[in-house]
Amino acid sequence: MMPLLLPLSQGAAGIALVIGLALLGTRQVAAAVHLLCVQSLAVTIAALALQEPVIAALTLLVNAIGATWVLRRMMPGFGMIAEPLGSPQLGILGGAALAVLSQAHGDAAQPFAVLLLALLLAATRRHSMVHLAALIAAQNAGALAAVRAGIPPLLVGPSFLVPVLFAGALGEDRLRLACFEAGRRLRRFLGWGHVMVAVLLLMAALAAPLDGMGAIIAPLTAGWGIAIAWAERRRRRGLPDRIADLVHVAAMLMALAGQAPWIALPALTVAGAAALFPTVRRRLDALKLTCLGGSVALFGLYAMPLEEPAIAFGALIFGVAAIVGMVPGLAAVAGTVLLRLSLHGPWSPAASPVLSVLCVTVMLAAGVTLLLSNRGNHPATLLRIVQAAMIGIALTRPETQGAAWVLILLLIVTEAAMALVRYDDPAAAGKLAATAALAGVPPLGLFPGLILLIAGLAPVEPWLLAPVGVASAGAMWAGLPRTPLRPSRLAMPSITWLPIAAPIAACLALSAVDPVSMLHWLAALLGGMP
Numbered sequence: 002m003m004p005l006l007l008p009l010s011q012g013a014a015g016i017a018l019v020i021g022l023a024l025l026g027t028r029q030v031a032a033a034v035h036l037l038c039v040q041s042l043a044v045t046i047a048a049l050a051l052q053e054p055v056i057a058a059l060t061l062l063v064n065a066i067g068a069t070w071v072l073r074r075m076m077p078g079f080g081m082i083a084e085p086l087g088s089p090q091l092g093i094l095g096g097a098a099l100a101v102l103s104q105a106h107g108d109a110a111q112p113f114a115v116l117l118l119a120l121l122l123a124a125t126r127r128h129s130m131v132h133l134a135a136l137i138a139a140q141n142a143g144a145l146a147a148v149r150a151g152i153p154p155l156l157v158g159p160s161f162l163v164p165v166l167f168a169g170a171l172g173e174d175r176l177r178l179a180c181f182e183a184g185r186r187l188r189r190f191l192g193w194g195h196v197m198v199a200v201l202l203l204m205a206a207l208a209a210p211l212d213g214m215g216a217i218i219a220p221l222t223a224g225w226g227i228a229i230a231w232a233e234r235r236r237r238r239g240l241p242d243r244i245a246d247l248v249h250v251a252a253m254l255m256a257l258a259g260q261a262p263w264i265a266l267p268a269l270t271v272a273g274a275a276a277l278f279p280t281v282r283r284r285l286d287a288l289k290l291t292c293l294g295g296s297v298a299l300f301g302l303y304a305m306p307l308e309e310p311a312i313a314f315g316a317l318i319f320g321v322a323a324i325v326g327m328v329p330g331l332a333a334v335a336g337t338v339l340l341r342l343s344l345h346g347p348w349s350p351a352a353s354p355v356l357s358v359l360c361v362t363v364m365l366a367a368g369v370t371l372l373l374s375n376r377g378n379h380p381a382t383l384l385r386i387v388q389a390a391m392i393g394i395a396l397t398r399p400e401t402q403g404a405a406w407v408l409i410l411l412l413i414v415t416e417a418a419m420a421l422v423r424y425d426d427p428a429a430a431g432k433l434a435a436t437a438a439l440a441g442v443p444p445l446g447l448f449p450g451l452i453l454l455i456a457g458l459a460p461v462e463p464w465l466l467a468p469v470g471v472a473s474a475g476a477m478w479a480g481l482p483r484t485p486l487r488p489s490r491l492a493m494p495s496i497t498w499l500p501i502a503a504p505i506a507a508c509l510a511l512s513a514v515d516p517v518s519m520l521h522w523l524a525a526l527l528g529g530m531p
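Take the sequence shown: its letter number 218 is residue 219 in our numbering, and every next letter is one higher.
Treat the hints with care, as some may be off.
Derived CB-CB ranges, DEER-like [as the list claims (entries may be wrong)]:
no., residue 1, residue 2, range
1, V200, E308, 43 to 49 Å
2, A209, G26, 47 to 53 Å
3, G107, P153, 44 to 50 Å
4, P354, L481, 42 to 48 Å
5, A261, V19, 33 to 39 Å
6, P399, A311, 19 to 25 Å
In short, the hints are calculated from the structure, not lab data. For every residue, glycine included, the Cβ atom is placed at its ideal position computed from N, Cα and C.
Produce the complete structure using the sequences and hints provided.
Here's what the structure looks like:
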């Protein structure tokens, strides 16, 4: 590299940082858009100075030209005022403090500061266009980290999709209007068409050349997608919502099919955005946090070669946690992505403490909340968050990674059962059994994985048994029925019982016939995959 190019890159990154501070002080949406364009141009210059023309071209075309055109021409409210929450001077002082504190992290300092300022901008404004600008600023931080770490441009490309997801949700009305006529004509066939496409995804998952983990979990996830399609086949839903459901399943399969985190993390973000799309009008903030979580996780992935493991893995873990917090149904997919990283790399000893603290906090908070709630309320969201934290704890130790794999498989099967009873299943016993399976009530659902987790933690980290016990006790308390079932309600005509009972029967049969071979098979699956 020429001697003048490195100072030029650092100077351009410094301009991007200053623009990030300026964004915190502006009230006009138009001014924020223009500042965002200048910041994107500064990142483009930094990428060119570090001899990364492809990333520079993507930043220029997508973040500078494309984003400015979309925000000016297609989004309403361009001339509005976006008042900050609190004093703008206080926001600038807070941003300046974050920028100063981040300067002790070497090559990751300036990208990390730009990311923190983008997150602060999103947190202090309520205008959706400013949120989109914050997402693009976070993507600029990821591009800066990628060019400094020498990440190949082909791996950086998917990260530019994250702001597009939020922009597409802001244009939801236009999309629904465009699909209305086609959906009206095909309304009679939409439900069964949804089922047929889900079956095709299952066939593709079975035929694709996958590794040992993908060959097991991808067909199970495709079966989960069939359960969703089957449960919703008779509902009056529009074409955009059914397409969103299929994109949700396809993105989950993409995240699970391969070992490359460069594809898995964008696919996980797409899956979260697709899950929120049908209710985006009342959950726009959830979509914003999902997209921000995806941007933060990708930033952590790009920052890994910069020799700042605390920043890289902290961003990765908290970004994935933000996605799961907004869409708890993705707990199994996110757990699989992190399990692949811990088995095949890149992974650092700094990741386990961060993940442990986060999961212990979540388990204690959710467990206490469930214990204080009324029995039988079936808070499925909290139950899913508890199981996500269980998987996270299992990922932190090599001795418990087998338990994480079992929990992931059982969670996918249980989610399929929950999908079958989500709407109009007449079997009361099936509904109660599916909720009890998600709660891990013995011997249903995730209970075998919980036993494996406790058995693995007891010899190495016995102090973790306390938060695990609190969380599991709260989940089981909430999963129990409020009143005893009468004999007339114990009929089991629903196919809900198939995904609940089949894995339990298979595990019990294999364990009774040859438990040692079963444990060896799990160990070989986790440790011997290419």
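Against the structure, the hints:
{"no.": "1", "hint": "V200 / E308: 43 to 49 Å", "result": "holds (47 Å)"}
{"no.": "2", "hint": "A209 / G26: 47 to 53 Å", "result": "holds (50 Å)"}
{"no.": "3", "hint": "G107 / P153: 44 to 50 Å", "result": "violated (21 Å)"}
{"no.": "4", "hint": "P354 / L481: 42 to 48 Å", "result": "violated (34 Å)"}
{"no.": "5", "hint": "A261 / V19: 33 to 39 Å", "result": "holds (35 Å)"}
{"no.": "6", "hint": "P399 / A311: 19 to 25 Å", "result": "holds (21 Å)"}
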